[in-house]
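Given chain A's structure and the hints, the job is docking chains B and C onto it.
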Amino acid sequence: MAVKDYLRERFFPHIWCAGCGHGIVLNSLIRAVEKLGMSKNEIVMVSGIGCSSRISGYVDFHTLHTIHGRALAFATGVKMSKPELNVIVPMGDGDALAIGGNHFIHAARRNIDITAIVMNNRIYGMTGGQYSPLSGYGTLATTAPYKNIDQSFDTVQLATAAGATFVARTTTYHVQQLTDLIRRAILHEGFSVLEVMTQCPTYFGRKNKLGGAVEMMKYMQKATTPIGSKAKQKNPELIERGVFVEKEQPEYCSEYEKIIQRAMASGS
Amino acid sequence: MESKIKFVQGNEACVEGALYAGLEFFAGYPITPSTEIAEHLSSRLPRKGGRFIQMEDEIASLCAIIGASLTGHKVMTATSGPGFSLMQEALGYAVMAEIPCVIVDVQRGGPSTGIPTHVSQADVMQARWGTHGDHAIVAFTASNHQDVFNMTVEAFNVAETYRTPVVLLFDEVVGHMREKLEIPEPGQIPLVDRLRTSVKEGVDYHPYLPREDGRLPMSDFGGVHRYNVTGLYHDMWGFPSDNPSVVHGLIRHLVDKIENNANLIARYKKFHLDDAKTVLVSYGSAARSALHVVQHLRGRGQKIGLLELQTLWPFPSDIIQDVCNRAEYVVVVEMNMGQICQMVKQAVDCPERVFLANRIDGVFITPTDIRNILRLVAGKGV
Amino acid sequence: MAKPKLKEHRINREWCKGCGICVAFCPKNVLELDEKDKAVAVRPEDCIACRLCELRCPDLAIEIIVEDEHGIENKIRSGQ
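The listed protein sequences correspond, in order, to chains A, B and C.
First residue of the first sequence: 1, per this note's numbering; consecutive thereafter.
First residue of the second sequence: 1, per this note's numbering; consecutive thereafter.
First residue of the third sequence: 1, per this note's numbering; consecutive thereafter.
Just chain A, same shape as in the assembly (with noise of 0.2 Å):
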C-alpha cells in the first residue's frame, strides 16, 4: 500500500502552521505502519486534545478524538475489550503529561499494549503559547512573562520509572530514526512510549527567540546525541537520543486473557 493511502487526503492541507514539527511525525508515522504492512482497519489511533491530537483526523484508521489528557484511558478501554487491535495514542506534552499524567503513569504501570507518542513541542499551542510542563525553567511562554519558573519532566525517566516498557526519544529532525522508533514502538508488545522532540515555530520558538522552523531543527541537531555517545560524556548537557529502554513484561491484556481462564475453571 502506497504511504499516502493512510491518509484521509481530502482534509489536506492541514490546520498545522507552517513548520510545524507535528506534521513531520505524522509523515513519519505513516511511513512506518506502512513498512510494518499494517491492515488500516486493525489500527485505531486515539487522541486527546490540543494541536498533537488533530493528528487522528488525518489518518485513515479508526480515529477517537476524545478529551483533553484522556487518550490513554479511552485507548485503555478499545484495547482491553478488542487486543487485537493496535492502539497508537498521540499526545502533546501538555495533554500527556499535565492534565493527562496520572493516565499515563497508570498505563505505563499496566504495562497495556498502547504506543504512546509523546509530541513535545514544550508549549501550547492550540491556545496560543502558554508553558508547558515540558517548557523547562527560564523559557518564555503568554502566561510566563517573567520567565518560567516550572522545572520540567525527563519524559524518558517518568515512562521508565513508571514502568513502560519500551521507551525511546529522538527529534523531528531525525526522521529515519524517527519512522523506525515508531515502527518498533509499534511492534513491541507492552506499553511504549516515543518522546518526539518537534517544534512549536508560531509560539514556543517566536516567544524565546528560537527562529523558525528550521533553525529549531538545527538546534535539535546540535542538542541531541545518541546514547552513550562520546559527545555526551564531553557535554553532558546533550540530550540523548535512542532507545532507553526495551523489555519483555507480562503485558495487560494477557494477563487478563489468564484471569478469564481462572475465572472460568473455577465455574460458577
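It is possible that some hints are incorrect.
Unchecked claim - Only part of the chain C face toward chain A is listed, based on derived beta-carbon distances under 7 Å:
id	residue
1	G18
2	C19
3	I21
4	A49
5	L55
6	P58
7	L60
Don't read these hints as lab results, they were simulated from the structure.
Glycine included, every Cβ here is placed at the ideal spot set by N, Cα and C.
What follows is chains B and C alone, placed relative to chain A:
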C-alpha cells in the same frame, strides 16, 4: 446452575441486571457506597468471558468504558457523588459522540466528600445538568431490588436504542439493603442489542446520520468502516464541523432524540391514584416510606396515593400533570432540598399546592416524617 | 541494487506552506522557495534521491519519484 432466587444487596441486584442485559466490560474505581458493584463484577465478568478493570480514577473509568463501547460491547461503570462529579466531562463526551453506556451513581450525602455511608438523593440535578452545555440525559432510579434489576436492564436497552449514556441513580439505602431478588429466565425481559450497520465494506457509511426511525446504526472499531469519533460538533461522518447548520442540527438531534421520546422513556408505578386527593410523588428508597404511608392511611380510609417515578430524566411531565392536576395536594417525598419537587411545581397547574417532605441529614426518611408533613399540609399541626 | 535515479520531484503546491525545511536540509541544495513561497526543485540534476525532503516535509507535500535501471517509474518506500 445458579439459584433464581437470591437474598442480596441492591448493588448486587444491579450486577445481576447488568449481566442479564449482556454487560461485557466494566471499568470503575472504588467508592462507598457503590464498591460492591465493582467487587462482584470483578468476579462475575471474567467467568463469562467479559472484562473488568479498576482504573486510576473515575474520569478514566468512564473514558475506558466509552472506548470499550466503541469496539462493540455493552459497558457500565459505577460510582457515587464525588466520582460522578469527576465523570461529568466524559459524560458530556458520551452525549456528544452518542456512545451507549450505563453509569451507576449510588448516591450518598454531598457536597464534596459529604457523608459517605449515609443516604441521600441529592445528585438528581447533577445527573441532569452536571456536564456543561445544552444536552438531554436519561436517568432511572428504583426503590427495591427487583426494580433495581429491571431498571438496570432497561438502562442498557435505552442506551442501545437511543445511542446515549444512561444514568442509574440509586441510593445508599437501596444499594446496601438486603432483600429478595428473583432473577427472570433468559428472554423473559426483552433485550435491545447493539444495532449495527448493514452498509457493506467499501460503501460510504455515515455513523452520525439517523435513520428514519431516529436510530443510528453503529460499526465496531476494528470492523470494515473507518470513521471518526469526536467531542467536537461533527458532520454525519464524525468529522469536526463548525458549520452553523451542522451545529444547530446536531444539538437539536441530541436533545430531541431524548426529549421527544420522554413518554416512551417514562417508567413509573401508580399506587391507589384513581381517587386520590392527596398524591405523594417519590422515587428511590424514599418511595418505600411513601408507599408505607399510603397503605397505612388507606387503611384508615384516606384518599391518598403514590406516584413512584422510575424515570427522572427526561422529566416525565405528562404523567405528573395527569396525576397531580386532579389532586388537592401533592407532596413530593425525597432526600434532598427539593430537586424533583421544583420540577413537579413547574409541571403542574397549581404549584402552590405542591409541598416537600424531605430529610437532608443523612438519615433515611421514615413514614413518620412524611405523616408529620401531611398533617402540616392539612393544617393540623404536628 | 542499482542507485535510484530521480525522475521527478512531485510537489503538491496546495499542501506546501513554504516553511523552507526541505530547502534548508537538502544535502545537494536542489530546492528553493519560489516567489509564492512554494518549494520547487530548481536543480533537479543535482538530486541524489535521498528523499530527506520527502521525509521531513511537515506538509506531506513532497514525493520523490525515481526510475530504476530499466527506466520504470518506482516510488521507493521510505527508508529502504
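Hints versus structure:
Proximity of C/G18 to chain A holds as hinted, the smallest CB-CB distance being about 6 Å (cut-off 7 Å). Against a cut-off of 7 Å between C-beta atoms, the interface hint on C/C19 holds, since the closest Cβ of chain A lies about 3 Å away. For the restraint placing C/I21 at the interface with chain A, the shortest Cβ-Cβ distance is roughly 6 Å, inside the 7 Å limit, so the hint holds. Below 7 Å, beta-carbon pairs count as interface contacts, and C/A49 has none with chain A, the closest being about 15 Å; its hint is therefore violated.
The restraint placing C/L55 at the interface with chain A holds, with a minimum CB-CB distance near 4 Å, inside the 7 Å limit. The interface hint given for C/P58 holds, since its Cβ lies 3 Å from the closest Cβ of chain A, which is under the 7 Å cut-off. Taken as an interface hint, C/L60 checks out: its beta carbon lies about 5 Å from the nearest beta carbon of chain A, inside 7 Å.
In summary, the one numbered hint that this structure violates is 4.
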